[in-house]
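Protein chains: 2
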Amino acid sequence: MANVYLKISYDGSNYSGWQVQANTSQTIQEKVEKVVSKFNNRPTRIYGASRTDAGVHAFGQRAQFQLEVDIPLAKIPQAFNGELPDDIVCLKAWQTPPDFHVRHDALAKKYIYRIYNRTYANVFLRKYSYHCYYDLKVADMVKAASYFTGEKDFSAFQAQGCSNSTTVKEIYQSRITPKDNGEIWLEVVGSGFLYKMMRIIAGTLINVGKGKLAPEDISSIIASQDRTKAGFTAPAKGLTLQEIYYDQEILAKEVKK
Amino acid sequence: MANVYLKISYDGSNYSGWQVQANTSQTIQEKVEKVVSKFNNRPTRIYGASRTDAGVHAFGQRAQFQLEVDIPLAKIPQAFNGELPDDIVCLKAWQTPPDFHVRHDALAKKYIYRIYNRTYANVFLRKYSYHCYYDLKVADMVKAASYFTGEKDFSAFQAQGCSNSTTVKEIYQSRITPKDNGEIWLEVVGSGFLYKMMRIIAGTLINVGKGKLAPEDISSIIASQDRTKAGFTAPAKGLTLQEIYYDQEILAKEVKK
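These protein sequences, in sequence, are chains A and B. Going by our numbering, the residue at position 175 of the first sequence is 355; the numbering climbs one at a time, nothing skipped. Going by our numbering, the residue at position 214 of the second sequence is 394; the numbering climbs one at a time, nothing skipped.
Keep in mind the hints are simulated off the structure, nothing from the lab. Since the model is a prediction, treat every value here as computed from it, not as a measurement. Do not rely on the hints blindly, as some may be mistaken.
A pair counts as met if it fits within one copy or between any two copies, since identical chains are not told apart.
Said to hold, decoys possible - Here are the simulated BS3-like pairs of lysine-lysine, each with C-alpha atoms no more than 27 angstroms apart in a straight line:
no. : residue 1 : residue 2
1   : Lys272    : Lys307
2   : Lys290    : Lys307
3   : Lys307    : Lys211
4   : Lys359    : Lys307
5   : Lys290    : Lys359
6   : Lys332    : Lys272
7   : Lys214    : Lys272
8   : Lys255    : Lys307
9   : Lys214    : Lys307
10  : Lys214    : Lys390
11  : Lys392    : Lys359
12  : Lys214    : Lys317
13  : Lys211    : Lys359
14  : Lys317    : Lys255
15  : Lys332    : Lys307
16  : Lys332    : Lys409
17  : Lys390    : Lys272
18  : Lys255    : Lys390
19  : Lys272    : Lys317
20  : Lys272    : Lys409
21  : Lys211    : Lys272
Let the sequences and hints guide you as you build the complete structure.
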């Protein structure tokens, strides 16, 4: 028996989000639990590091559970991928210390919000990038994105419907990068994120790109702690949970097998 | 009434290819014809520059037809996109000389074959890139790709089932490029392509990457004119018709509206 956690990627297009819900047949957690339970030969609960919303994607989600059969860690991804649907892929497995908690012990997360900024849609990105056909002022968005870094109260960028113990989060990196294929990527690394925070940041930066807000307005919007001052909640499909960071030294102590 | 041609992109995943077929309900040609016919208010045939196979994608396909209603060229993409399914997008429309032929007048085509070369699949590329988990020798593939350039008889790279007037084609560019995300792109520009030629070239280069063939073997395979000497036909989903090149000066003479 081992305390294990997985790195999992998924295309969220066809799911009602990560978390198992009553009356919802399609969640990612449920699909992964089904496979873990099959290997354990009994119903097994798994715990995700992040509860991604309906339609949101992940490249580096993490999921923790008790593995009760003897499979070498290196064999787990291939074994699980053989049972998972083709829009969910297990990339790696680690063994962890007994007191490790995949959500509480996460030090930081990286999200990417993708905007496709050409006149007509890109069929290959239609499920992974939000199509905005306005000619966005990218230089202004680059400047505006920089105002999010630091430890701040992000109440203005929190949707209703979730109670957080604190609305103060530290953003380590926030940057906008134009890509050759017509995309604009918003990449944000932070200690944590409030409910729909990343999508509200994206919507606010798109408003800057449209000229509805000046880059300097970001400071006063954050200071206002008023959700109505920030921009719209950008669509889920543009958002990807890219990576979650842990203290590798703590993990390494236990992973000797 | 005007002779018009469109630049069209599509995700070929859910189609039986470009061309209308008896007993097949889902072809891209049929979907576009339906829209053109609706605007013309009578059944209208369209002609594609390339008959892409089932599962093959296009960024720059071209389709020609007689437009019988008065719509400004610049308004056509938006008008058509409003009626097309979301996996087919019209990117541009041109008016052409009366004797223009979208297939015969194409000077060259560019195809891209995408290979995803990491251990586990990438969920976001699963429909657009062929997953090869062998650790491919990219430097050998780069060298091997260069042997395809020039005017040659490519009989060894032609699948049965299509009668071409000539098996001699000129390849202007053939290159392999590794990408940061784990993909390897094969980009080939040529005067024309034989049936499944691009996918057989891709399969042969993958065999070079696996060490089954040496880069220098490409010359003798081409010289053999023997299909059995070349590699496997790589899967359709990795292939995208990227661009088709026309003589813009000839087109420009007529496009004055």
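| query | For lysine 317 vs lysine 255, is the C-alpha pair at or below 27 angstroms within one copy, between two copies, both, or neither? | reply | Between copies only: 24 angstroms across, 48 angstroms inside.
| field | Intra- versus inter-subunit Cα pairing at 27 angstroms for lysine 272 with lysine 409 | value | Answer is neither: 41 angstroms inside a copy and 38 angstroms across each miss the 27 angstroms cutoff.
| request: Could you place lysine 272 and lysine 307 in one of the four classes (within, between, both, neither) given a Cα distance threshold of 27 angstroms? | output: both (25 angstroms within a copy, 22 angstroms between copies)
| field | Homomeric proximity label, lysine 359 with lysine 307: Cα distance no greater than 27 angstroms | value | Classified as both: same-chain Cα gap 18 angstroms, cross-chain 22 angstroms, threshold 27 angstroms.
| message | My question is about lysine 332 and lysine 409: at a cut-off of 27 angstroms on alpha-carbon distance, are they close within one copy, between copies, both, or neither? | response | within (16 angstroms within a copy, 65 angstroms between copies)
| request: Give the relationship of lysine 390 and lysine 272 under a CA distance limit of 27 angstroms: within one copy only, between copies only, both, or neither. | output: between (41 angstroms within a copy, 24 angstroms between copies)
| Within, between, both or neither, where lysine 214 and lysine 307 count as close if Cα-Cα is 27 angstroms or less | Close inside one copy (26 angstroms) and across copies (25 angstroms); limit 27 angstroms.
| task | Classify it for me, lysine 272 with lysine 317: is the Cα-Cα distance of at most 27 angstroms met within a copy, between copies, both or neither? | result | between (39 angstroms within a copy, 24 angstroms between copies)
| task | Have a look at lysine 332 and lysine 307 and pick one of within, between, both or neither, based on CA distance no larger than 27 angstroms. | result | neither (32 angstroms within a copy, 41 angstroms between copies)
| Between copies, within a copy, both or neither: which fits lysine 307 and lysine 211 at Cα up to 27 angstroms? | Close inside one copy (20 angstroms) and across copies (20 angstroms); limit 27 angstroms.
| said: Within, between, both or neither: how does the pair lysine 214, lysine 390 come out at a Cα-Cα threshold of 27 angstroms? | reply: Neither: 45 angstroms inside a copy, 35 angstroms across copies.
| request: At 27 angstroms max between alpha carbons, let me know whether lysine 211 reaches lysine 272 within a copy, between copies, both or neither. | output: Close inside one copy (17 angstroms), not across copies (42 angstroms); limit 27 angstroms.
Of the numbered hints stated above, those contradicted by the structure are hints 6, 10, 12, 13, 15, 20, listed in ascending order.
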